[in-house]
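> Here is how the chains run, residue by residue.
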Amino acid sequence: MAAKTLTIDGQLVSAEEGQTVLDAARDAGIYIPTLCHLNGIQDIGACRLCLVEITGSPKLLPACVTKVQEGMEVQTSSDRLRRYRRMILELLLAERNHVCSVCVSNGHCELQTLAAEHGIDHVRFEYLSPRLEVDLSHRLFGMDHNRCILCTRCVRACWHVEGAGTKNVAGRGIQSRIISDLNQPWGQSETCTACGKCVAACPTGALFNRGATVAEMQRDRTRLEYIVTAREKSQWIV
Amino acid sequence: MESKTGVRQETSGSKVRESASEDKRFKILETQMKRYQYRQDSLIEVLHKAQDLFGYLDDEVLTFVAQRLKLPPSRVYSVATFYHLFTLKPQGEHTCVVCMGTACYVKGADKVLAALEHDLGIKAGETTSDGRVSLVTARCIGACGLAPAVVYDGKVAARQSSDDALAVTRQWREHVTGGSHTH
Amino acid sequence: MLLADLIRIKEQELAGRKPFTLRVCMAAGCVSSNAEAVLAALDRAVKDAGLESQIEVRPVGCLRLCCEGPLVAADPDGKLYKKVRPEDAVSVVKALQGGPTSVRTGDMREPFFEKQFNIVLANSGLIDPERIESYIAADGYVALRNVLRDMSPADVISAITKSGLRGRGGAGYPTGLKWSTVAKTKSARKYVVCNGDEGDPGAFMDRSVLESDPHRVIEGMIIAGYAVGAQQGFIYVRAEYPLAIKRLQTALKQARQFGLLGSNVLESPFSFNIDIRIGAGAFVCGEETALMASIEGLRGNPRPRPPFPAESGLFGEPTLINNVETFANVAPIILQGPEWYASIGTEKSKGTKVFALAGKITRTGLIEVPMGIKLREIVEEIGGGAPEGAKIKAVQTGGPSGGCIPASELDTPVDYESLTKLGSIMGSGGMIVMDETTNMVDVARFFMDFCVDESCGKCIPCRAGTVQMHRLLTKILNRQATESDLKTLEDLCELVRSTSLCGLGQTAPNPVLSTLRFFRSEYIELLQPKSPSPECASTAEKKGEPADDKPVEGR
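Protein chains in written order, with our numbering: chain A, 1 to 238; chain B, 1001 to 1183; chain C, 2001 to 2555.
Simulated from the structure, these hints should not be mistaken for lab results.
Any given hint might turn out to be false.
[What the hints assert, rightly or not] Away from chain C, derived, C-beta distances all over 12 Å, residues of chain A:
| id | residue |
| --- | --- |
| 1 | 66 |
| 2 | 136 |
| 3 | 138 |
| 4 | 187 |
| 5 | 196 |
[Stated by the list, open to error] Among chain C residues calculated to face chain B with C-beta under 8 Å, some are:
| id | residue |
| --- | --- |
| 6 | 2029 |
| 7 | 2239 |
| 8 | 2365 |
All figures in this text were calculated on a predicted structure; none of them were measured in a lab.
Positions of the beta carbon are idealized from the N, C-alpha and C atoms, including for glycine.
Please construct the entire structure, taking both the sequences and the accompanying hints into account.
Next comes the structure, spelled out in structure tokens:
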């Protein structure tokens, strides 16, 4: 496979053809924030946090789905990008009820980490404060819609890694919700295999193990990559 | 024509599962799916047909479609709730659609809608408690030359005032249609 | 079917013509004003008068002056009867032979028609959209026959490129370039998709074209299929357009019967089929990747481009997507030559554009104008200006993706670049006139409300950003907003425009940005005063920090 040379933030980087800008940057030790991306599951370019500037492109492009090209010049953290990322995170914080102090994922939450990284000490938008349910009908797991950021990592893990098709998005726009089967309580789902991959994929405290209390919910987010690599390449990399 | 209220009684509750095999509407839906060779990409076409037949899409119909197209229920529910023309709740006997397109809006469609909401005591997207009238808004029905336009049971009416609209819906609520009740 | 057959059908059709014709508009607008009863009454009146051999009563597509419907046009005297009622039928029939009539009449020399230029709508209002013979009599399918007989796919693409035709869906991408990209992509299966998901509120051009001249669109798609090497086409139409769907279904059936679709089109080696897909109420499906997802039976979620549909589109195959009006331009370009087409319009915007003219204006309806015409000519001469002495304030083009052009800019020529420069877009052709009574902040909120409702929810800036913009606009309208709210609104506009995944989000701020640009004072007037008055003391306490800043809970 042909090697491509590109510059990311002024640094000369060598990448393989077909690699994404995100992978190339991470291989070179350059950090690009992400939320809807998770190693092992298909990328959809939805959260817009990994948007980068590419010389010659009038539009910002998501690093997670943009393939490297010879001679590409990438900027990953201009003032403008940092300002946009901050606002996107603020929009998420205002969209549902992210009350870290009582959250099972406090201290282990990707949204919280990103907010801290971007120095978010206040949210300038009006909190929408929707009243959303917590589904505790499943014997092993719970789902708190108040913490969900609709990244659909759980949906993709359920469909593409487990193959069960239990999880999906219902409704649209601001009314979107993650559902199980025909929007019934998770515990009544006939298709759920209780594999826990969705829980492993969740970046926030929306999906959790039952019994976890505040700040207890730690998860191994490399698990899905392990399974997928094993399945696709017959390599069991622990 | 069967009234939609009748449909609701027939398909509500769990006893429907037994009647499903006898309900000829499922057979018609099945025929339609066969015509599409049970292709998964025909899902939206199939849901259109199902809604034509049943008036709305309840869990039983969605499950039936999912099974026949070999799709997980979550996909069918997800698609059905994405598109605004699909409804998962029974609709009223009559439907009044107020066009809220730009041309209608600048010509006062919002006032017509407000008058209807007030008179019917429901919000757009709801059905009156007597099951007579569903009030719906449309994003644009493309009748901009006739603004403001209101669609009464599928018939477009031009240049509607609040009074015009109230006259129609009041008449609907006063008269039982379908001729099933004779005194 | 061969050329000889086409000529024979045309001759038969023309031989059957009668000295007088009454053309009754059967487009959705007139139909909803009782045109069907008018048609029946005219038929009866002709029969009763024993004039069946003299007068043909022909149902036709859109006669355009929608505000005066039901419309009936008479040949050969060129009269246009307005607001015709079924009881007027006898009088209209008598008038044809010189009798007096009580019905209001006009003719095609009225200002509404004079400035128009017909390419896309040439057959609209003339032919019977439900009879393929009627289309063939107007030289229908001759372009297709010429293409299959005399031109290579490369020749066709070269003609479209030379014509300068640009996508009529809004963005104005060069059509020839799109076709050649799909043609160059190697694949055993390719698709041609016609985007008829005309979702802009205030737009009904594509609906009228499909209702008035469906075969024109079909012919354009078949030619496109030949040019790019596709075997299958899809027309995606909104479910809200039942009449357009019905006429398309009829037209497709006829085209199949006549050997214009299916295996070996016009006895050539080329085979092509077209199926209809019906939308289910989602504006975002006008975005091409969302539209393709919808055809595949999925949620209409857009996906990032690249890859573009030309490389990987419907079912992962190379796909050509154009809108209804773009396809309707194809046959005339082939028949009359790309040079002719390129001679119409401006340097960068060739040909004509169809607009749906509506709102606070004297004459509403469907119009086709050469590119480069001034907005003022459309609004004042064709549309007759604002009714009853009212004053025009702005013209909105491009729907929720467009902007409001102020009356002071009415001398702007209608072309892609000029409208973009004004912060609006050509769009698919909705043109809504607003007068002095229209509150521009309310208009901005109206469109934002639309975007909130129609956002698919996949990407965060559009899903959550439009909601926040809507709240801020409401706050401003309620006179509760401060200057910092206005600043936040502007920051959000920039964010949503720059970072949204698809066109819906990227253009959602346009109505706000354009009204802020031209009608900023209307926003300022609604803001809370800078120096706090006594009753605003509680707000004033928070000064120094933007008023509605809130700490992140629990941090």
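> Of all the hints given earlier, name the ones this structure violates by number, lowest first.
1
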